[in-house]
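Undergrad: If you want the building blocks of each chain, they are given just below.
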Amino acid sequence: MSVIMGFLQALPGLLQLTLEAGVLLLLPALGGVLSERSGVTNIAMEGMMLTGAFFAVVIDLSTRNPWIATLGAIVAGGLMALIHAVVSIRFHANQIISGFAINIFAGGLTAFLVDKLFNESGGTDHVAQGARLPYITVPVLSNIPFVGPILFQQNIIVYVGLLLLVVINFMLFRTRLGLRLRAVGEHPQAADTAGINVYVLRYGAVIASGLLSGLAGAFLSIGILNVFNPGMTDGRGYIALAAMIFGKWSPVGAFVACLIFGLGEAIYANNSSIHISPQLLATLPYLLTLVVLAGLVGKSTPPAADGIPYEPGAE
Amino acid sequence: MAAPPTQIERGRPAAPPAVTQRVRQWGAALGMPIASVLFAFVVGAIVIIVTGGDPVLAYQSLLCGGFGASCSGTVYPALQLSETIVNTIPLILTGLSVAIAFRGGLFNIGAEGQLIAGVIATTWVGIQFGTLPGFVLLPLVLIAGTLAGALWGGIAGVLKAYTGAHEVVTTIMLNYIALYLLRYLIVAGPMELKGQHSVSASIGAGGQLPTLIPSTAKLFDLPGAVYRAHTGIFIALAAAAFFAFLLKRTSLGYEIRAVGQSQRAARYAGVSVSRTIIVSMLLAGAFAGLSGAVQIAGLRHNLTDSYGPDSTGFDGIAVALLGQNTAIGAVLAAVLFAALHVGGQFMQSNANVSSHLVEILQALILFSIAANFLYSFRLRLPGLRRARSAAPTIAEQGVVAVAPDRGPPAVPEPDKSGSV
Numbered sequence: 001m002s003v004i005m006g007f008l009q010a011l012p013g014l015l016q017l018t019l020e021a022g023v024l025l026l027l028p029a030l031g032g033v034l035s036e037r038s039g040v041t042n043i044a045m046e047g048m049m050l051t052g053a054f055f056a057v058v059i060d061l062s063t064r065n066p067w068i069a070t071l072g073a074i075v076a077g078g079l080m081a082l083i084h085a086v087v088s089i090r091f092h093a094n095q096i097i098s099g100f101a102i103n104i105f106a107g108g109l110t111a112f113l114v115d116k117l118f119n120e121s122g123g124t125d126h127v128a129q130g131a132r133l134p135y136i137t138v139p140v141l142s143n144i145p146f147v148g149p150i151l152f153q154q155n156i157i158v159y160v161g162l163l164l165l166v167v168i169n170f171m172l173f174r175t176r177l178g179l180r181l182r183a184v185g186e187h188p189q190a191a192d193t194a195g196i197n198v199y200v201l202r203y204g205a206v207i208a209s210g211l212l213s214g215l216a217g218a219f220l221s222i223g224i225l226n227v228f229n230p231g232m233t234d235g236r237g238y239i240a241l242a243a244m245i246f247g248k249w250s251p252v253g254a255f256v257a258c259l260i261f262g263l264g265e266a267i268y269a270n271n272s273s274i275h276i277s278p279q280l281l282a283t284l285p286y287l288l289t290l291v292v293l294a295g296l297v298g299k300s301t302p303p304a305a306d307g308i309p310y311e312p313g314a315e
Numbered sequence: 001m002a003a004p005p006t007q008i009e010r011g012r013p014a015a016p017p018a019v020t021q022r023v024r025q026w027g028a029a030l031g032m033p034i035a036s037v038l039f040a041f042v043v044g045a046i047v048i049i050v051t052g053g054d055p056v057l058a059y060q061s062l063l064c065g066g067f068g069a070s071c072s073g074t075v076y077p078a079l080q081l082s083e084t085i086v087n088t089i090p091l092i093l094t095g096l097s098v099a100i101a102f103r104g105g106l107f108n109i110g111a112e113g114q115l116i117a118g119v120i121a122t123t124w125v126g127i128q129f130g131t132l133p134g135f136v137l138l139p140l141v142l143i144a145g146t147l148a149g150a151l152w153g154g155i156a157g158v159l160k161a162y163t164g165a166h167e168v169v170t171t172i173m174l175n176y177i178a179l180y181l182l183r184y185l186i187v188a189g190p191m192e193l194k195g196q197h198s199v200s201a202s203i204g205a206g207g208q209l210p211t212l213i214p215s216t217a218k219l220f221d222l223p224g225a226v227y228r229a230h231t232g233i234f235i236a237l238a239a240a241a242f243f244a245f246l247l248k249r250t251s252l253g254y255e256i257r258a259v260g261q262s263q264r265a266a267r268y269a270g271v272s273v274s275r276t277i278i279v280s281m282l283l284a285g286a287f288a289g290l291s292g293a294v295q296i297a298g299l300r301h302n303l304t305d306s307y308g309p310d311s312t313g314f315d316g317i318a319v320a321l322l323g324q325n326t327a328i329g330a331v332l333a334a335v336l337f338a339a340l341h342v343g344g345q346f347m348q349s350n351a352n353v354s355s356h357l358v359e360i361l362q363a364l365i366l367f368s369i370a371a372n373f374l375y376s377f378r379l380r381l382p383g384l385r386r387a388r389s390a391a392p393t394i395a396e397q398g399v400v401a402v403a404p405d406r407g408p409p410a411v412p413e414p415d416k417s418g419s420v
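So the sequences go chain by chain: V and C.
Note that this note's numbering gives residue 60 to position 60 of the first sequence, counting from 1, and the numbers run on in steps of one.
Note that this note's numbering gives residue 105 to position 105 of the second sequence, counting from 1, and the numbers run on in steps of one.
Since the hints were derived computationally from the structure, they do not count as laboratory data.
Fair warning: there could be bad hints in the mix.
[Stated by the list, open to error] Listed next, the in silico SDA-like pairs over lysine to any residue satisfying Cα-Cα at most 25 angstroms (straight line): (1) V:Lys-116 to C:Asn-350; (2) V:Lys-116 to C:Gly-53; (3) V:Lys-116 to C:Asn-352; (4) V:Lys-116 to C:Gln-345; (5) V:Lys-116 to C:Asp-310; (6) C:Lys-194 to V:Gln-279; (7) C:Lys-194 to V:Leu-281; (8) V:Lys-116 to C:Val-158; (9) V:Lys-248 to C:Val-158; (10) V:Lys-116 to C:Val-47; (11) V:Lys-248 to C:Thr-163; (12) V:Lys-116 to C:Thr-163; (13) V:Lys-116 to C:Val-50; (14) C:Lys-194 to V:Leu-280; (15) V:Lys-116 to C:Phe-41; (16) V:Lys-116 to C:Phe-39; (17) V:Lys-116 to C:Ser-311; (18) V:Lys-248 to V:Leu-179; (19) V:Lys-116 to C:Pro-55; (20) C:Lys-194 to V:Pro-278.
With the rest of the complex left out, here is chain V (with noise of 0.2 angstroms):
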């Protein structure tokens, strides 16, 4: 019984973490999930999301602004998905050698810079406290028993994910936009045949695939943490490529999954009531994922053109 209590005690504290943890991985999750419907493969969140790690803690350490951080956070994060923008689409390259090349020149790079700006000593100096990305209790509503504290006492950046949330989901299905951005991961032939400009939609798309990596970097960085350490994303970002998976490239579909893998990490993280190996347990989101890809909970089926390099005039 004092099992099932402490388990009980825990859970709200728990679940707060969830949200966290499953916004952390929604944010380049929609970024993937973005890039993908465009039709073109990104394996590289880890990488942009590293980058804007980075950069959010140097900027943010020299302005003491985290807005300002997290801005450079998010160019960071697109320049990085420019450089796989131009090798995939406009040189054709393999797209997911393209994107592990980004991931590992992010890793890199953050490492190098590290080691040039801090004198070797293995990681950034720490953001002050009044620097970070503020956590924002919403007043009243978060005085509600158990559900107040779990979704109204978060960071900022957990509200600015769950908007972008709806509204990345309301532009892909609801508007001509969206429909334009299926068609090109579809049927770029037909979408091109139809006068839309299939490279600017997939610059466009494997661009903010950065952005929301970058705001995802700053967020981990001067947001839950307050300093930067080489390969601190530590697979985020193909987590996050297993939720858009998991979630059947759609990003209501990718959020469930990334707060089942937030859950993982919340308990990973808070072991300290429920008893099973925190390591075991870290397995459980790639096994999910595994089972979902073996088609033993439904099939996920990827847009048409993913991952082909468009040739106009090619069929």
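The hints should help you fit chain C onto chain V, whose structure is shown.
TA: Okay, now just chain C, sitting in the frame of chain V:
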């Protein structure tokens, strides 16, 4: 050389003289890798200059440190060379792992996970049967690691063949599962050594590969024990020879290449595509698993948490691509990347340029190969054009290998390879 000429081309009467053609093929095969490396070094030099370093000193230290040239008084050339050999061994094997999958039209991004599976199995067997004599235990541990890697790769192969699950995604997932499984075993888990943190016991002495220099000897004023280069290099080279033989001289190799070039054509030729996909991934996993086995038997002797940041499996992708998916290419590329890793440490202390520059160089090489800048800008050497068209580069082949799989199949395909 990505695609050897077919029988028809070889027998074609209008073909240019054999010597000229061979020179052209070598030029085409070497041209892109060399250009990619040069491109990376030029961009890397810009990075060094922008961050206030001296690129000449940095590259001098990098190459001298890596290849054991004594261009500086502070370095022990033989020791540096020994370290480069140590780093070359697993890279050859993971490079072969990625390369054989590429030849079969598959992208094995999971060499890392397969290597970890091999590392775990090798150590477990090496501890459980640690008292057996060497001539039994050594083959046993190597086979255990190889089989475990093959199993790990085979999972992705079976999923691909029977459900169409894309191997890139499944192998990424399997990488993380292997990594956390390793951590589970040694961080307060069943294989953790009593009284120690995050390490397992060592494998039995019989299961350990001897080093090249006896520890009692003395070489260049240093005791033999500091030279870590081990006889695993011969295993890696033998694996490379096996790779070449398999692909060129066996019907299985022919089937793998046929499926890699066109699944549809292979199917009409009577090749079982799903069986070949599974075999390709089993072989890819076996090479990576052997890499893990050799690391344990030759170098580490026990499990530690250091396989997390270790990126040997991922470096195998760069090795395979730079080596154009051939055995000789993989060996040469492995030597280059190993030398860069070893030289990077020396560069950091000697030229005060962070060793992480090596990762930047590696990524730049990958970009260059993937985008095939040389080809895109038409910067080809005169006379190479025809040779190139006979032998498509791997960047082109890579696109072909990955892209059509994900597109709508032109004819109904029973193995459902059209979906992830």
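Undergrad: Against each hint, give a clear statement of whether it holds in the structure.
TA: Tested hints:
1. Only pairs whose Cα atoms come within 25 angstroms are accepted, and Lys-116 of chain V paired with Asn-350 of chain C is accepted, the gap being roughly 15 angstroms.
2. As the CA atoms of Lys-116 of chain V and Gly-53 of chain C are separated by approximately 10 angstroms, the hinted pair is consistent with the 25 angstroms bound.
3. A distance of roughly 9 angstroms separates the Cα atoms of Lys-116 of chain V and Asn-352 of chain C; the hinted pair therefore holds under the 25 angstroms criterion.
4. Annotation: proposed proximity of Lys-116 of chain V to Gln-345 of chain C holds, straight-line Cα distance about 15 angstroms (limit 25 angstroms).
5. For the hint pairing Lys-116 of chain V with Asp-310 of chain C, the CA-to-CA distance comes to about 22 angstroms; that is within 25 angstroms, so the pair holds.
6. Of the supplied pair hints, the one linking Lys-194 of chain C and Gln-279 of chain V holds, its CA atoms being roughly 19 angstroms apart against a limit of 25 angstroms.
7. Of the supplied pair hints, the one linking Lys-194 of chain C and Leu-281 of chain V holds, its CA atoms being roughly 23 angstroms apart against a limit of 25 angstroms.
8. Under the criterion of a C-alpha separation no larger than 25 angstroms, the hint pairing Lys-116 of chain V with Val-158 of chain C is inconsistent with the structure, at around 46 angstroms.
9. With a C-alpha separation of about 21 angstroms, the suggested pairing of Lys-248 of chain V with Val-158 of chain C holds against the 25 angstroms cut-off.
10. As the CA atoms of Lys-116 of chain V and Val-47 of chain C are separated by approximately 12 angstroms, the hinted pair is consistent with the 25 angstroms bound.
11. Note on Lys-248 of chain V and Thr-163 of chain C: the hinted pairing holds, with a Cα-Cα distance of about 16 angstroms set against a maximum of 25 angstroms.
12. Distance check on the hinted pair: Lys-116 of chain V and Thr-163 of chain C sit about 48 angstroms apart at the alpha-carbon level, beyond 25 angstroms; violated.
13. At most 25 angstroms may separate the alpha-carbon atoms for a hinted pair to count; Lys-116 of chain V and Val-50 of chain C meet this at roughly 11 angstroms.
14. Restraint check for Lys-194 of chain C and Leu-280 of chain V: satisfied, since their Cα atoms lie roughly 21 angstroms apart, inside the 25 angstroms limit.
15. Annotation: proposed proximity of Lys-116 of chain V to Phe-41 of chain C holds, straight-line Cα distance about 19 angstroms (limit 25 angstroms).
16. Annotation: proposed proximity of Lys-116 of chain V to Phe-39 of chain C holds, straight-line Cα distance about 23 angstroms (limit 25 angstroms).
17. Between Lys-116 of chain V and Ser-311 of chain C the CA atoms are separated by roughly 22 angstroms; this keeps the pair inside 25 angstroms, and the hint holds.
18. Only pairs whose Cα atoms come within 25 angstroms are accepted, and Lys-248 of chain V paired with Leu-179 of chain V is accepted, the gap being roughly 17 angstroms.
19. At most 25 angstroms may separate the alpha-carbon atoms for a hinted pair to count; Lys-116 of chain V and Pro-55 of chain C meet this at roughly 15 angstroms.
20. Taking the CA atoms of Lys-194 of chain C and Pro-278 of chain V, the gap is near 20 angstroms; set against the 25 angstroms cutoff, the hint holds.
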